[in-house]
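Each chain, letter by letter, is given below.
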Amino acid sequence: MTRLATTLGLFPLPDWAKTELTTHKGKQRDDMIDGTEGPAIRSIYDEVRSELIELQRSAGLDRIVEGQTRWDDMLAHPLAVHDAVDTAGLLRYYDNNNFYREVRVTAELTADGDVGAELSSLADAVEVADRHGIFPGPYSLAQLATDDYYGDEATFQAAVGEFVAAELDAFPDCTCVTLLEPSLATDPANVDQPAMEAIETAVEAVDDTDVIVQPYWGHPPTDVYAALRELGCGIGFDLVTDAAGAEALIESHGGPAAIALGVVDGQNTRVEDPEDVASLVETFESIADPDRTYLTPNTELFYLPTNHVEAKLEVLATAADPTEVLQ
Amino acid sequence: MTRTQFRPDDHANDHFLLTTVVGSYPKPDWLKRLRDAEDVDHDVWIEAVEDASRLMIDEHERTGMDVICDGEMRRTEMVEFFAERIPGYEFNGPVKVWGHNYFDKPSVVDAVSYDEPWLLDEFEFCSRVASKPVKIPITGPYTLASWSFNEHYTDTETLAYALADLVRAEIDVLVEAGARYIQIDEPALATTPDDHAIVHGSLDRIVADLDPDVRVGLHVCYGDYDRIYPEVLDFPIHELDIEQSNQGFDQLSVFQDPPFSLDLALGVIDVHDTTVESVDEIKDHIRRGLTVVPPERLTVSPDCGLKLLPRDVAYRKMENMVAAAREVEADLDAGRIDPEDPLTA
Numbered sequence: 001m002t003r004l005a006t007t008l009g010l011f012p013l014p015d016w017a018k019t020e021l022t023t024h025k026g027k028q029r030d031d032m033i034d035g036t037e038g039p040a041i042r043s044i045y046d047e048v049r050s051e052l053i054e055l056q057r058s059a060g061l062d063r064i065v066e067g068q069t070r071w072d073d074m075l076a077h078p079l080a081v082h083d084a085v086d087t088a089g090l091l092r093y094y095d096n097n098n099f100y101r102e103v104r105v106t107a108e109l110t111a112d113g114d115v116g117a118e119l120s121s122l123a124d125a126v127e128v129a130d131r132h133g134i135f136p137g138p139y140s141l142a143q144l145a146t147d148d149y150y151g152d153e154a155t156f157q158a159a160v161g162e163f164v165a166a167e168l169d170a171f172p173d174c175t176c177v178t179l180l181e182p183s184l185a186t187d188p189a190n191v192d193q194p195a196m197e198a199i200e201t202a203v204e205a206v207d208d209t210d211v212i213v214q215p216y217w218g219h220p221p222t223d224v225y226a227a228l229r230e231l232g233c234g235i236g237f238d239l240v241t242d243a244a245g246a247e248a249l250i251e252s253h254g255g256p257a258a259i260a261l262g263v264v265d266g267q268n269t270r271v272e273d274p275e276d277v278a279s280l281v282e283t284f285e286s287i288a289d290p291d292r293t294y295l296t297p298n299t300e301l302f303y304l305p306t307n308h309v310e311a312k313l314e315v316l317a318t319a320a321d322p323t324e325v326l327q
Numbered sequence: 001m002t003r004t005q006f007r008p009d010d011h012a013n014d015h016f017l018l019t020t021v022v023g024s025y026p027k028p029d030w031l032k033r034l035r036d037a038e039d040v041d042h043d044v045w046i047e048a049v050e051d052a053s054r055l056m057i058d059e060h061e062r063t064g065m066d067v068i069c070d071g072e073m074r075r076t077e078m079v080e081f082f083a084e085r086i087p088g089y090e091f092n093g094p095v096k097v098w099g100h101n102y103f104d105k106p107s108v109v110d111a112v113s114y115d116e117p118w119l120l121d122e123f124e125f126c127s128r129v130a131s132k133p134v135k136i137p138i139t140g141p142y143t144l145a146s147w148s149f150n151e152h153y154t155d156t157e158t159l160a161y162a163l164a165d166l167v168r169a170e171i172d173v174l175v176e177a178g179a180r181y182i183q184i185d186e187p188a189l190a191t192t193p194d195d196h197a198i199v200h201g202s203l204d205r206i207v208a209d210l211d212p213d214v215r216v217g218l219h220v221c222y223g224d225y226d227r228i229y230p231e232v233l234d235f236p237i238h239e240l241d242i243e244q245s246n247q248g249f250d251q252l253s254v255f256q257d258p259p260f261s262l263d264l265a266l267g268v269i270d271v272h273d274t275t276v277e278s279v280d281e282i283k284d285h286i287r288r289g290l291t292v293v294p295p296e297r298l299t300v301s302p303d304c305g306l307k308l309l310p311r312d313v314a315y316r317k318m319e320n321m322v323a324a325a326r327e328v329e330a331d332l333d334a335g336r337i338d339p340e341d342p343l344t345a
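So the protein lines, in turn, are chains G and H. Once you know that position 122 of the first sequence is 122 in our numbering, the rest is easy, because the numbers rise by one and skip nothing. Once you know that position 327 of the second sequence is 327 in our numbering, the rest is easy, because the numbers rise by one and skip nothing.
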């Protein structure tokens, strides 16, 4: 059994970069990333990426993410930069005080490669064994989007599944890929056969790597969890929101070989005690009996001020290393 | 009716659509530079803020608006400003709201309490300078609770009710000073609509035994309104203020079944788009509002605070908004708009 500390990505920008990018880009809807930014802006993101790689290393994380600070529209980013997608008014991002631009799909969702190019920059600095790719899962991505092209939900969901698979195919080699799927927990009513098939399409696009489907802000319903188990992928659990619910799912349908446990709160500055976190992880390892346990925040990280991100990462790294916790 | 006190004595039309703003307005560049400068003498800062406030009151009044604010020149941000004045809060740095818009989201690390008045200076100054009635927006307790990191209280509800008692203490101070139009800003209700009972409980604490002549509005924005409707109809408020221009009025139908029983303050200006809507466009937006409430219960306002817009754009948007409201009033007077069938020309 292996314990690995990592994150779900989408880091907050360092404060200096918040200021510089505001100056270079502006603050309005039309100023947000559309995939055509020039070299001055790209160089700032390059510097941010380097800083975040160093931050993750110095905190002691085992798997390093790119940081996804370019994702102005959060999980809707891969569509917001796509030529076949128009952006419109601001929409609330789940039940948070955050907003993204409405993404309206107006033509065929062909392969784009925007996120793969970002990850290639990570690959220049981080070895394959440490690389962790992040992408929105096809169900959440479809839920965040508006379809003005495909015409019916099943066709649209399938197209989004194919799109996600194509984007994952353009990733450089990674040792772990997480598909962020908060909508599986927050909007489970629409998880139907096409949605599960789209997730399967995305999972199968990645070879020889842990692929983790990560619901958060709760858990998927039992039948959806059972369907995820049948896919054979890794599964993530938000233990901050509902540890008892996660325990019930694992006890009724077993746990995956690769399990990701959201054990520090990505939306609160209260810094957890590493011993408490390690104890929670042990409990879940005894129930799920995984081969690999990834310790993560329960959500993306951009909700936190930067000084608390570092503290939270250190908690994860400490809790993932039993010798550290015992000292 | 609490709204009739805001109808100007010399109002030109028989119909009266109350025109106002939500609150914030772009700050002059010189004020922002002074705010960001080091070692600014307190007296210099107060003089600058009062100059800016005087300027913005004049800018609002020149549009012909009925109820004005000073654009919140003293305030930093809607949670930060209050958290800085409430013992129990601390700050750790900015967090993202959207794009490159951030706020210094505070952490509640101890029990919250009321110390000095928060907005008395603003209200007394505006009342002295303005020739129009002044509205005071206050960030609501649920939003103050939800948009903070809660490290101290057991849950959001407990924190919100503790903050509601402080908001009520502040309103008592303002009403004593003459305030007659209070707007509680609760945008967080749209983020976590299942918590509408907490907002209701907070409002009950805020308005209990309040002077019945004091108009109480509630501003909510950027949410799925079918998740808080019709529950909001039971809130102890006179007016619900919602944004709709940003969404192309897609959700207005939510408020038609069951019938909307409060006054409606409708956002008819998109505050996240620098394109200045024409008077005719805004008239169309106002007519949509008339499908929900009759003219005597319709307030016309922007979607939200205007502070992210360039100042000249904000002014032209407000100017066109007021002009549009006056034209709709005249059309109603002349029978060119039928309140029973407001979308038919």
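Calculated from the structure, these hints are not laboratory results. In this text, all values refer to a predicted model and were calculated from it rather than measured experimentally. Glycine residues also receive a C-beta, built at the ideal position from the N, C-alpha and C atoms. Wrong hints could be hidden among the right ones.
[What the hints assert, rightly or not] Some residues of chain H that are not near chain G, with every Cβ distance over 10 Å (derived): (1) 35; (2) 76; (3) 281.
[What the hints assert, rightly or not] Straight-line C-alpha distance at most 35 Å; calculated DSBU-like pairs for lysine-lysine: (4) H:307 to G:27; (5) H:307 to G:25; (6) H:132 to H:32; (7) G:25 to H:132; (8) G:27 to H:32; (9) H:32 to H:307; (10) H:307 to H:132.
For the pair supplied as a hint, residue 132 (chain H) and residue 32 (chain H), confirm whether the alpha-carbon distance does not exceed 35 Å. holds (26 Å)
Check whether the Cα positions of residue 25 (chain G) and residue 132 (chain H) lie no farther apart than 35 Å. violated (38 Å)
35 Å limit on alpha-carbon distance, applied to hinted pair residue 27 (chain G) and residue 32 (chain H): Status holds; Cα separation ~16 Å.
Does residue 27 (chain G) lie within 35 Å of residue 307 (chain H) when you go C-alpha to C-alpha? Given pair residue 307 (chain H), residue 27 (chain G) holds - Cα atoms ~11 Å apart, limit 35 Å.
Is the straight-line distance between the alpha-carbon of residue 32 (chain H) and that of residue 307 (chain H) 35 Å or less? Holds: residue 32 (chain H) and residue 307 (chain H) sit about 12 Å apart, inside 35 Å.
Would the hint linking residue 307 (chain H) and residue 25 (chain G) be met if the CA-CA limit is 35 Å? holds (18 Å)
Are residue 307 (chain H) and residue 132 (chain H) close enough, with their CA atoms no more than 35 Å apart? holds (21 Å)
Verdict on residue 35 (chain H) as a residue remote from chain G, using beta-carbon distances over 10 Å: holds (15 Å)
Does residue 281 (chain H) sit more than 10 Å from chain G, CB to CB? holds (15 Å)
Should the label of residue 76 (chain H) as a non-interface residue stand, given a Cβ cut-off of 10 Å to chain G? holds (16 Å)
Checked against the numbered hints above, the structure violates only hint 7.
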